[in-house]
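Put the complex together from the two separate chains, hints included.
First to last, the protein sequences are chains A and B.
Be aware that the first sequence starts at 4, since it is given in our numbering, and climbs by one per residue.
Be aware that the second sequence starts at 5, since it is given in our numbering, and climbs by one per residue.
In case anyone wonders, no lab produced these hints; they're calculated from the structure.
Among the hints, erroneous ones may be present.
To be verified - In silico lysine-lysine, DSSO-like type, Cα no more than 30 Å apart, as pairs:
(1) A/K274 - A/K356
(2) A/K438 - A/K384
(3) A/K305 - A/K254
(4) B/K24 - A/K14
(5) B/K69 - A/K14
(6) B/K69 - A/K22
(7) A/K93 - A/K131
(8) A/K14 - B/K182
(9) A/K14 - B/K99
Stated by the list, open to error - Facing chain B, a subset of chain A residues (Cβ under 8 Å, in silico):
(10) L11
(11) K14
(12) R15
(13) L16
(14) R18
(15) E21
(16) K22
(17) I25
(18) L26
Glycine included, each C-beta is placed from N, C-alpha and C at the ideal position.
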Amino acid sequence: MEHEDAGLLRKRLNREAEKVRILEQLLEDRTRELFMEKERIQKGRDHLATILSSLPEGVLVADSSLRIELANQEVYEMLEGTKEDIVGNKLSEVLPPLWLPQTLSAEGYRFFHGFYREEVFTRPSGSKLPIGITFSVIKLEGDVLTGVVCILSDLTKRKALERSLVQAQKLEAVGRLSAGIAHEINTPIQYVRDNTVFIGDQFQEALSLVEMYRKFADNLVCSAGEKEILDKIADKLSQVDIEYLVLEVPKAIEQTLQGAESVAKIVRSLKEFSHPGVENKILLDINRSVESTTVVCRNEWKYVADLELDLDSTLPKVQCYPGEISQVLLNLTVNAAHAIEETIKNGNEKKGKIKIKTRNLEREVEISIEDTGGGIKEELKSKIFDPFFTTKPIGKGTGQGLAMVYATIVDKHSGTIEFESQEGSGTIFTIRLPKG
Amino acid sequence: MKGEIFNLLEQFIISLTGEKKFEEIYESALSTLETKTPFVGPDVYPDEDFVKLVNKAVSILGVEKESAIRAFGRFSFSRLLARIPQDQRQYPDLKTFLMSVNDVIHERVKTLSDANPPSFAYEDPSPKELVMVYRSKRRLFDFVEGMLEGAAEYFLTNITIERVSRSEEECSFRILFK
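Isolated chain B, as found in the complex (with noise of 0.2 Å):
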């Protein structure tokens, strides 16, 4: 995973709980990282650690897991989508944005063999539907579902998400647009 999602991670619960909340959670997982050194965005490191953090911070916060992950990939779009060369993202509305998405994705990591991108397929049933099936081995439905309510925040549009899981590592996500 790389480790631009490691350092949203550290400014999304900095921005709720504070520095100080932060490096307790760090340093209290710390031992049990494979990553001893601090994560650095161009780097790729273990999904493992990834895990360990969020378990750590949901641990010592007391919050519910997936509503965590789903407020961070929420707190995550618009500063992913800000990493994007600005003449690279001029999309008209949310629909075609999620439709390239899985273009992007694979722009952004292809240098990184071992990046492991999720990948997402489509199927566009009408003019205000979309399904996008999702599939990786990380299996962040809930982060995923966060960053598409992200989305829609920065688009300005109202939709409404359905998911519905297909297999361990893939899950589709029936978008209606209003």
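Isolated chain A (complex conformation) (with noise of 0.2 Å):
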């Protein structure tokens, strides 16, 4: 008997024993599955926190009681917070002064349904942000509404593409009615060109027939009545001052001429500049492309800088969309002016020097422009082609920038565009465009 327990007692022990290390390597595995899935939770959270930083907007996770549980960075840059100002907040005592509900009941659940509002926020700096507004009701399976996801978007960019694009209608207005502006001014000065030298040959015809009177006049032997009205004559010359109007109303007829001229020289370039937009390349004469721009933006220029144009005469013609070059003509001569005007707006009261030049090359045409503004500072340079970059406050320059320039010259025209500058001494820009 005692044999027999003592064999019991030993199948028994042993079995328990092996029930240890059974549940031993249970726990172990168990463990290390435990940390292996926490390091997998970890990773996860890692991936989204990392995909939530990485994003270009603002993300803030509410809880069902509306309280912050989660904001990513751009959420502390835009409303310049940090992670204690928002996170464990309520939403409405972060986001701008709108109404919002202060629970996730039905109500709140219409409310945030689909929601999307600008709103301007002030900022602690006291700067002010457009900021969009969207908000998303996070559901789980049953119906369930656990939170609320609120996505704020900066509108900076967007509203000043916004101007950008009035701006551009605007001018795209005015460049439709110059056209026709132009058209009507040109039949006017053609009459007052045509009269004008009419007027000029015809005084000099009368010239010529007073001249010959007094010569007449003064080898007349006459009688004392006829020597009355010969003196009466002379004293008329006399006042009319006919040696005056001999000098000087040739010279205003000349003059008058050279302005009817320079009208419809700006005239001509105006047309020239307001072609519509073709469809397809043209071949375009680059040199009289130049002159016309700068007849037209002349206003821009002609108080602060000098223009000297050094254009090649075997400059061939190039295939081009000719409205989108003149454009880019204007823009970087606009530019160029407006450079040199901040320097004298600085302190530097000598006007400056615009220089377009023009070359042939041996497969492509090359436009230079260069002033002697302020240059580009260093740390611009590598952003003056983006899109919406400037330094100009709005209606000042065309406000689309270089972005426009450096898209048409390279994406349309397989062109380049280089440029070097200087602080303190000015910039210049190279395009060369391929010819054939």
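In structure tokens:
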């Protein structure tokens, strides 16, 4: 019996010992699984955090009591806050002053579902930030509302784009009108020129006749009565100051003709510049385009700079979209003028210089626009061709920036555009367009 | 099936017949079992091993299978209840407890993907009545009935149980509270 009991006990003990070993192994396995699961969860969290932090939008996640439980870095930067300022607070305490429900009830769901609004947020620094706010509700299975996701979008660039678009539309309208205006002005200017030429010619004829009469009167032997008449004529001639008229009237006619010719030139240039957009490229005389453009924008540069044109007479015509090339030349010339204007504002009293040069290279035509303005700062050089990059206030310049210039030359004409700039000395932009 | 049920079966048999008889039953069944190692509570084992052990026990002990399984259910209830943390088992009465069973089961076994827990659905026709619909591939109807009796004992409540089979894997227990 004792032997049996001992045997039974031994079996029991062995089995329990085996259970302990199995449990230890199980514990080890489960611990390892838990550890790996924890690592997976942490990786998942890190990945989510990376995604959230790389989003260009601000993301806020609030729980069912509308208390913020998560925010990404973009939120802190947009709202100029820290994690302590934002996480843990109610949405209504953090977001711009717009009415928000305090709970995620049915009413709250109706409010948040598909919500979008644009607001201007005044940041702690006092600066204003236009933001777009979008809400969406987090719903689990069974229609359980567990929270709200809020996306904040910085609308600064979009607003700038809208302003640029408005400006571009205005300029487009002006461009459309200018062709018609130019045409309307052209005819009367022709009258003025033709009639001024006529007046000049007839004045010379009249002068010749007066001279003939004077010579005749000087040599005339006449009676007393005839002499009286001749004296009166001489007095009249003296009053009229015919000598003065002989000197000045031709000058006046010449100046009138020059003025009329200038107006005609501006009208011609404006008509050429306002050439409507064409769908296909045409052979364009770049030199003529340069001349027209400088005439059109004369008012931008004439007070601040002297313009020098060094145009290669052998420059061939090049396949181009004429309106777009004119726009490029206009942008760069106006930019040059504004750069010089800035140096004058900063104390330099001398007029600057803009030099536009064309050259006929082996495979390309080259256009360079050089100015004696303030140059481009080193830290801005990499950005000047970025869309919407500008250092000018709205209304100054064409409003479309060098991004348009780059796209036109490089993308649409397979050309190149480079620049060299020295702060304090000036800038030169060089464009090359392929021939043929 | 969770290892803890196997351990409870061992405890039940030992409490009724002693260690020696249990060893006899276990040794006799071992060669037919898929599991060759001792059963440990946290692990999960084939349902068939449980059935084989029960059948062997019933055969060696010469008892009626349904009654034995019902008695096992009664025996197991308080011991299974003790596994739930104290702060999670504050139930005012038997009916409230019974209506929480489905949630409790799932909470206990949700980490074990192959545990295949049973499910309970409820009908509450009146304050003194409850219908529990038990659904499981294991079809342990007798065990569940025994558990209900054990629960009634634990909560010091008199009940009558009416069992109605609904399908191969489902049966309902109409419980009347006295």
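What's the verdict on A/K274 and A/K356, does the C-alpha distance respect the 30 Å limit or exceed it? holds, 27 Å
Quickly compare the C-alpha distance for B/K24 and A/K14 to 30 Å and report which way the hint goes. Status holds; Cα separation ~10 Å.
A/L16 as chain B interface residue, shortest Cβ-Cβ below 8 Å: Nearest chain B Cβ about 12 Å off; hint violated.
Does A/E21 pass the interface hint, meaning its C-beta sits closer than 8 Å to a C-beta of chain B? holds, 5 Å
Return the status of the interface hint for A/I25: holds when the least beta-carbon distance to chain B is below 8 Å, violated otherwise. holds, 5 Å
Identify whether the interface hint at A/R15 stands, where standing means a beta carbon of chain B within less than 8 Å of its own. Since chain B brings a Cβ to about 7 Å from A/R15, closer than 8 Å, the hint holds.
Pair hint A/K93 and A/K131, alpha-carbon separation not exceeding 30 Å: Answer holds: A/K93 to A/K131 is near 22 Å, not above 30 Å.
Taking only the CA atoms, is the gap from A/K305 to A/K254 under or equal to 30 Å? Holds - the C-alpha atoms of A/K254 and A/K305 are around 25 Å apart, at most 30 Å.
Hint check, A/K22 versus chain B [nearest Cβ-Cβ separation less than 8 Å]: Constraint on A/K22 satisfied, holds at 5 Å.
Identify whether the interface hint at A/K14 stands, where standing means a beta carbon of chain B within less than 8 Å of its own. This hint holds: A/K14 lies near chain B, its Cβ roughly 6 Å from the closest one there, short of 8 Å.
Within 30 Å, alpha carbon to alpha carbon, are B/K69 and A/K22? Distance ~28 Å between B/K69 and A/K22 Cα, so the pair holds.
Just to be careful: measuring from the Cβ of A/R18 to every Cβ in chain B, is the smallest value less than 8 Å? Nearest chain B Cβ about 5 Å off; hint holds.
Hint check: violations occur at hints 8, 9 and 13; the rest are consistent with the structure.
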